[in-house]
Amino acid sequence: DGGITQSPKYLFRKEGQNVTLSCEQNLNHDAMYWYRQDPGQGLRLIYYSQIVNDFQKGDIAEGYSVSREKKESFPLTVTSAQKNPTAFYLCASSSGRATSGTDTQYFGPGTRLTVL
Amino acid sequence: SQQGEEDPQALSIQEGENATMNCSYKTSINNLQWYRQNSGRGLVHLILIRSNEREKHSGRLRVTLDTSKKSSSLLITASRAADTASYFCATDNGYNTNAGKSTFGDGTTLTVKP
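Protein sequences, first through last, are from chains A and B. For the first sequence, position 67 (counting from the first letter as 1) is numbered 67 according to this note's numbering, and the numbering increases by one without interruption. For this note's numbering, count along the second sequence from 1 and bump the result up by 1000.
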């Protein structure tokens, strides 16, 4: 059963703690993405990775960190430096082989992070 | 600033009616995509239209693209209560980049009343 999974579905964090959100895909996709979504708003890109061991900052990378040690996995760490981390976090992947423009992205079910 | 912006922000219709949502963008693009998001879930890809295409159909969905006006529209015909969701357009930055970034608008929230 191919797809992209995120865990946990809900996550609660105390102020000052780092937390790591998991994202795994078995679609053999090269590219992976992390987005943040606030209520009633669209998606904002945090980080993206086009290939293993390489990643780039998106529009709102401050206070977040990622790694891409395996093709299948792209974990996101929300650090204590992120001042307002309560949001819905979405991970996506795409084949990364588009010759122009952007690929279709396949999204995970999301993780809702709440800071207590 | 956003590359793609949807209009209207919210739309409420009766089952069986058609729903039209619009997306405007600022810079040239290679393609434009529409996604759907049910409340509290991930996004699902609906349709991709390339800059050299003017119209595409997929089931009850019809997408148009007018590059001269930098706008696209998504039409859902014969709407159903299950179409209730938020709809987003996503655009690239116009460069021929591999797996380039997509920029999403804030979405249109569609409510279809039974």
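Some hints could be false.
[Claimed, not checked] Sample of chain B residues at the chain A side, in silico, Cβ under 10 Å:
{"#": "1", "residue": "Gln1009"}
{"#": "2", "residue": "Ile1013"}
{"#": "3", "residue": "Ala1082"}
{"#": "4", "residue": "Ser1086"}
{"#": "5", "residue": "Ala1090"}
{"#": "6", "residue": "Ser1102"}
{"#": "7", "residue": "Thr1103"}
{"#": "8", "residue": "Phe1104"}
Simulated from the structure, these hints should not be mistaken for lab results. The beta carbon of each residue, even a glycine, is placed where N, CA and C say it ideally should be.
- Item | Those earlier numbered hints the structure runs against, lowest number first | 2 and 3
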